[in-house]
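Number of protein chains: 2
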Amino acid sequence: MEEFVRQGIDVRILHEVTAVDLDNRLVTVQRVGEGTVVQEPFDHLLLATGNRPLVPDLPGIDASGVFGVGTLAEGERLSRFLETQHVRRAVVVGAGYVGLEMAEALHRRGLAVTLVGRSREVMSTLDPEMGTKVSEAVRRAGIELRLGEEMVGLETSGADEAHRVTAVVTTEGVIPADVVVLGLGVRPRSELGQAAGLKLGARGSIKVDSRMRTSAEGVWAAGDCAESFHLVSRRPVWASLATVANKTGRVAGANIAGHEQSFPGILGTAITKIEHTEIARTGLQARDLPSLGIDYAAVQIDSITRSRYYPGVAPMSVRLLGEKGTGRLLGGQIVGGEGSAKRIDTVVTALQAGMTLDQVVDLDLSYAPPFAPVWEPVLVAARELMKLL
Amino acid sequence: MEEFVRQGIDVRILHEVTAVDLDNRLVTVQRVGEGTVVQEPFDHLLLATGNRPLVPDLPGIDASGVFGVGTLAEGERLSRFLETQHVRRAVVVGAGYVGLEMAEALHRRGLAVTLVGRSREVMSTLDPEMGTKVSEAVRRAGIELRLGEEMVGLETSGADEAHRVTAVVTTEGVIPADVVVLGLGVRPRSELGQAAGLKLGARGSIKVDSRMRTSAEGVWAAGDCAESFHLVSRRPVWASLATVANKTGRVAGANIAGHEQSFPGILGTAITKIEHTEIARTGLQARDLPSLGIDYAAVQIDSITRSRYYPGVAPMSVRLLGEKGTGRLLGGQIVGGEGSAKRIDTVVTALQAGMTLDQVVDLDLSYAPPFAPVWEPVLVAARELMKLL
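Residue numbers (the numbering used here), protein chains in the order written: chain C, 1 to 389; chain D, 390 to 778.
The reader is advised that the hints may include incorrect statements.
Some chain C residues near chain D, calculated using beta-carbon distances under 10 Å [claimed, not checked]: (1) T282; (2) A353; (3) A372; (4) V374.
Selected chain C positions facing chain D (Cβ under 8 Å, derived; list incomplete) [stated by the list, open to error]: (5) I266; (6) I271; (7) Y309.
These are computed hints drawn from the structure, not numbers from a lab.
These numbers come from a predicted model, not from an experiment.
Virtual Cβ for every residue (Gly too), placed ideally from N, Cα, C.
Could you build all of it, start to finish, from the sequences and the hints given here?
Right, dumping it as structure tokens:
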């Protein structure tokens with residue numbers, strides 16, 4: 001706050017903008033929890049309304065002991081609950097990044113954790129052939145994994161204030177639970193922009209151009225509420241990622257301030273870890289390709305993170321996808337031990353440069369026994385894939 | 390050996406080729422330690438004669454207790470010496486990759502180690518502004534570092550068999566030593582090719598084209614004896630690196646077997662570590678640029694390896710060089726804690742793609758708290774450098 005004040009920025013926390021009047025260049029602002037409403041004029045308006053976690057409308061979803069983790073406050077609320085209540089069994093619903101990280105964190109706190117996912121494998125942003133390696137890592141960590149299963153309701157005990165979750169009901173059965181954490185994904189929070197008449201784009205996000213301009217003059221959007229552009233498919237997409245939010249915010253701010261900056265787009269790069277298994281992905285994956293009309297091949301190689309003889313060496317798998325005919329790299333996925341995840345940045349850079357697989361094969365990537373085998377696994381995968389394109 | 394036999398390859402170890410007769414397509418082969426000489430005909434000849442460590446012709450250089458570490462056998466000889474002799478003080482001469490790694494290894498064995506280097510900082514393949522960070526890491530590790538100092542001789546005791554090193558004499562003084570390890574760099578072992586009449590190239594290496602053909606029909610060279618091509622300077626260079634040796638050997642073999650493969654060249658990528666400090670470099674460095682007529686700017690930023698709050702976070706510095714006018718990336722150097730070194734592969738890929746700094750800034754590199762701050766330090770450096778080009 002002090003930093004904003006020092007910079008002469010009028011910050012109003014606990015104020016909600018309830019409407020945007022584009023014709024009269026006014027926003028309606030309501031102090032949270034109070035009736036007072038004021039109207040504020042604007043020359044430029046930036047919408048950075050973020051995302052909203054998906055909370056299915058199911059019986060028992062509002063019971064005590066059911067948590068989302070979309071905000072810091074929600075995280076703190078969950079933490080207090082775990083500290084003050086007698087909690088033994090946790091069920092995490094949703095097997096993406098948030099679900100995995102929450103399952104690991106709860107398991108570390110000593111709870112018996114069940115992770116419930118709808119897909120065939122955890123992490124559906126990976127091809128299932130790589131997802132299965134993450135599913136294995138989840139099970140190795142001591143987390144019970146139930147896949148191909150969907151939550152359809154929650155069982156509760158007590159009523160009113162004492163209304164408390166006791167189990168998650170799925171398409172396959174009933175899982176007892178003292179606490180339930182939802183990690184079912186997020187959607188853009190674009191209602192304010194939509195009500196003002198702004199055009200919406202991919203998955204209901206606010207449509208923007210590469211300078212983060214919306215469809216209305218002088219109105220900008222950035223962060224998780226705004227649309228993105230996929231650099232490999234060359235199509236609009238929506239992504240909710242911290243890096244993209246930071247970058248688009250910066251670009252919008254620069255443009256509003258009269259500079260000329262643009263944000264070319266994204267690859268959907270993401271990394272995470274569960275215990276000692278690192279997970280990374282970027283670009284297009286197999287399920288994206290049929291609808292794009294791209295004829296592709298994929299290879300997956302099992303290699304190691306360091307020289308065979310070097311202490312701490314661990315398995316690492318690399319999967320690459322490439323386009324038949326053109327030889328163009330389309331995407332990559334990596335799952336493995338320490339040192340695996342950040343290797344995706346090589347794939348990111350090659351993708352963004354529009355490299356073909358035979359160019360990737362020639363990359364002078366770094367080698368030393370503590371860090372890589374002499375044939376860097378990303379290059380080995382590229383060489384194998386080249387043969388299929 | 391068995392694998393070669395299985396593949397029907399006639400392997401002759403302990404045989405030295407002493408001459409090549411290009412006109413008559415014959416090599417002269419002598420069994421090591423024996424007088425017998427035979428002549429073998431060839432259709433194709435591959436020279437893979439490797440490199441030779443530099444051993445200065447100084448008084449005392451052949452005393453007992455003075456070791457090079459160019460071969461596995463030499464390493465084993467040193468190891469046996471340390472196990473069987475009373476050794477307390479080690480002096481390592483040369484502060485490049487080999488010198489640093491040997492100094493660390495000897496220090497770990499409990500010896501008092503002094504590292505002597507000629508340059509202003511260790512690792513002259515880094516710009517001195519980054520080298521100084523490695524020098525600090527060496528000192529922090531408990532190794533005595535003497536820089537700007539050159540070995541001019543060795544003191545010894547005894548005579549003949551008992552002739553044993555007791556000190557290294559430098560331009561600055563006398564350093565007592567029970568064991569001396571030389572890490573003064575290597576040169577291409579190209580004498581055999583030169584004597585046969587092959588053209589030599591950069592630093593006396595055997596001149597080859599991108600298919601690893603020498604100047605003589607049907608004669609090929611690969612590995613540390615062969616010349617390379619620098620992908621940024623677009624000039625012939627010589628590099629002695631395991632990855633390059635592996636790759637050029639493969640390309641030469643494929644071409645000899647009738648396939649058509651080529652090796653485009655190198656960036657001089659290299660990584661190493663000392664204790665917990667990781668070191669990486671690729672592309673051109675400041676000292677290369679004046680003679681190439683390249684007008685450049687450099688930036689160096691101090692950042693961190695992970696999110697500020699994540700356990701194990703460590704400092705990391707990134708230095709990037711770019712060309713004024715064109716905005717082209719020229720090279721990069723990274724020194725920092727765990728997870729620093731392999732980040733150089735992003736710079737490698739950007740360099741090899743011929744990216745400009747404004748393209749690097751837009752890379753959708755990976756982020757998660759265990760692996761990176763939300764603004765990846767390589768991108769921060771690129772953004773700063775862009776302003777100067």
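Here's how the hints hold up against the structure:
Given hint, T282(C) at the interface with chain D, holds; its Cβ is 7 Å from that chain's nearest Cβ, closer than 10 Å. The restraint placing A353(C) at the interface with chain D holds, with a minimum CB-CB distance near 3 Å, inside the 10 Å limit. The beta carbon of A372(C) is positioned within 10 Å of a beta carbon in chain D (closest approach about 7 Å), and the interface hint is therefore held. Against a cut-off of 10 Å between C-beta atoms, the interface hint on V374(C) holds, since the closest Cβ of chain D lies about 5 Å away.
Interface restraint check: I266(C) against chain D, minimum CB-CB distance 5 Å, threshold 8 Å, status holds. At a threshold of 8 Å, the smallest CB-CB gap from I271(C) to chain D is about 4 Å, leaving the interface hint in force. Taken as an interface hint, Y309(C) does not check out: its beta carbon lies about 12 Å from the nearest beta carbon of chain D, beyond 8 Å.
Hint compliance for this structure: hint 7 alone is broken.
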